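Peer 1: We have chain S; now place chain D onto it with these hints.
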Amino acid sequence: MKIAEHDIRLVKRVELPWWNAALISIFSIVVALILFSLVFVHSGVNPINGFKEIFQFAFLNRNGLPLTINRSIFIFLCTCAFIIPYRAGLWNIGMAGQLYAGALGAFGVMYLFGAKGDPNLYIAPGIGIPLMMIGAMLAGGLIGGIAGFLRGRFNVNEIVTTMMLNSIGFWFVSYMVKEGGPFMNPVGRSESFDLPVSVRAPLIFGIPFTLVVALLLAVLLYWVFAKTRIGYKIKSYGHNPLAAKYSGINPQVIPVLVFVLGGMIAGLAAYHYFGAVPGVFKVARNYAEFGDLSFYGIICGLIAQGNPLAAIPISLLFGGLTNGGRFAQGKLQMGFGVDYALLGVMMITMVVLQFFYRYKIVWIKPEKEISDVGIIR
Amino acid sequence: MPTDNQIKKNAVLEARGITKRFPGCCANEQIDFEIKAGEVHAILGENGAGKTTLMNILFGLYQPDEGELYFDGEKVDFKSPLDAIKKGIGMVHQKRKLVMAHSVIENIMLGHPHAGEILNFKRVKQEVTELCEKYGFKLDLNAKVWQLSEGQRQSVEIIKALYRGAKVLILDEPTSALSPPETRNLLDSIRTMAESDLAVVPFITHKLPVVLDISHRVTVLRNGKVTAQFATEGATEKSLAKSMVGREVIIKLDKVEVERGKPVLEVENLSAYSEKDYLALKGVSFTIHEGEIFGIAGVSGNGQEELAEVLAGLRSAATGTILLDGEDITRNSTLERWRKGVGYVPAERNEVGSIADYSLIDNVAMNYYFEEEYVPRGVINYKGLRELTENLIAEYNVATPGPDVNARALSGGNLQKLILARVLSRKPRLIIASLPTQGLDVGAIEFVQNKLLQAKKDKAAILLISGEIEEALSLSDRVAPIYEGELMDIIPWTDAERDNVGAMMAGIKPKVESL
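Respectively, the protein sequence lines represent chains S and D. My numbering applies: residue 1 is where the first sequence begins, and numbers increase by one. My numbering applies: residue 1 is where the second sequence begins, and numbers increase by one.
Chain S on its own, in the form it takes in the complex:
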């Protein structure tokens, strides 16, 4: 393209330094906010005022911030559940099913303790809480492993199986917690029995300890993918399955491994929301909403390009927007779905502008050599 004497060209990037990726992400957030202003204007709300409400409630409000953080931890864990298979070139669309299974796993452990019907039962938290987490992870890993096994052994498309397992998980929870189900709340409100007070998760400044677990997990995963043999094998399989097979990596094992690990982390997300977030402490009636929320893990994982550390701020942003968007919608008396619309616009702009992860615009002044260009083949 030519503008006057200046030549503007699109050039493929050779490498993408992390700060460039960060700048592109921030740029796309700004573009998304500008685009979303139109929605505010359309509804007769001053955009600046609208965004102020959203961000103030999400990140600065005493009541809003803990909600944001709890949602962000949940989204972040779902992101990790997506990222691990993603690094192996596989798509985990089944975080919802895996977290449903995880919820049943966690409450299954409590059921075995006999917690149903006795909210005051004493279980030593040092035993009960880890067992609940393990139960959640095992159940999630099991569901994930089914998809991984089918993929590795029979080459069944993992997107299809994980989606189908979501449905199975959804109805299985329904069977377990609704009328007459084994985990039904004795008071009968189409939700599971309450978690005994003694095994409620310890809080740090009002935030459940799962925050620490999530942050440690981010660092651990980053290290695993950067420095360890197992991470190397997963990445190799993801980049080029044929080359991985050539170098002796078992192509049947890797899909099982990544889906079990991903499912386990999705199970942990279930533990976080149903077993650790203050005020929930049960498999809530609206558990399907959390299944829907888990899908943000996909988009966060894609925006983070599979990097678990980059996923932290992105999960925080999305957690904040779902939370603040819902609040602003009520307060400014806007139509239903403003929060979803905002997230939708944000996702689309971020994905579209990821174009610049791979290309850059080079501005060539007349009479000057190109100095900063990638290799074109």
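Just so you know, these hints were derived from the structure itself, not from any lab. Accuracy of the hints is not assured; some may be wrong.
[What the hints assert, rightly or not] Dumping the calculated EDC-like pairs for lysine to aspartate or glutamate here, alpha-carbon to alpha-carbon at most 20 Å:
#1 S:Lys360 to D:Asp357
#2 S:Lys227 to D:Glu371
#3 D:Lys207 to D:Asp499
#4 S:Lys12 to D:Asp357
#5 S:Lys12 to D:Asp404
#6 D:Lys509 to D:Asp489
From a predicted model like this one, the values you see are computed outputs, not experimental measurements.
Peer 2: Showing chain D alone in chain S's frame:
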């Protein structure tokens, strides 16, 4: 000698001062040449000499930064391949651009104006048949393209270009996938084309004999510049190679005499199925000893790929046994075989042998990630791997800015050097080298072959799979031509004759007397 004026009159395609800049590699600088009607004008150059760039400029895929193109004396400015095709430039790529499920005639009709809105098969068929007869192509026009051999597919593309009215036919590595008889037929056809005033421009990296055989003139590229331009009459392989590489190249390797040691690989009645579930390898048996190169000569698709994969553990054996140093490894996994001393250099450098988005260090790790020395307790020692990679880069003269660049950035020859370095550095007992010099330039071929000979001196057993008779004969101690999954014969190199081996590669059984 014709005067300048006469040449210009005859020239169909003329390039003046073509310059195309890319950062780093693959540029063209001030390229001048003219191609005359009725001439076969080869463009010769190593990988990275700028051949592909030039070809893309002639075909309108790239626009030159400087310089002009003239077609029939008229200045042209190709914005896209469509402009080039309309002018009369036909291009036959190395990668086939055909619809596999369609018949030959359908492929030729595709996009051609004579096909009409309502397909006029009769007219097209008649015209195409005439073309085939004229240039000596034997093709069943109703056959589906997927049923054809690689050579026949190339013929389809050539006819397609001719049928579109090409006056200049550009061929990218036209003989690289052909068996010797197919090559002979193609060369005959090219000669006929030149006689009927077409200009044929083959782009060739190696196969110097082919260049000498058919072309009237040669333009040699090196580092993006034209280094020589001469009539082929009077040129020799040596002089061509010298102007390509810029130094003397040893074309014929001297045999390295190594005493044959004890058997390393013993293969008995080995069979394997192909991807498409037919028996591609049919009960082959042979033995390779220490310090021996065993050559499998064959046109690709005759079971040699399957043989290499079965030996490397990437494909399971349907029947038979594989012994490595006397130990049965038939049921061992790929990883176990790497550990026991099998080293595999695959033919598909980019698809199998390397990971394009990995750094060179991570690519070297492909053969080391399972070694405790470099990955103690599951944590990769990147410092040690970096050192190893740097040493390999230095020892094998891999041209790269450093070990941190992605493998994608390496040229074919340098990537092959890196893969070879990685595999040979493990000091394998058995080296499976599948088409190790395919698509490389003369300098890199020499390097790779010398490294294999070095490994032979170091007492390794080497299985060399090659599509080129010269290579198979000059490197191997024994040669086995392969055809449709069977070894036609196993011949000591002293008894192997070029024509004989070539005939067996094409499926002609050795005469009973010679047995």
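Peer 1: Enumerate the violated hints, using their earlier numbering and listing them in ascending order.
Peer 2: none
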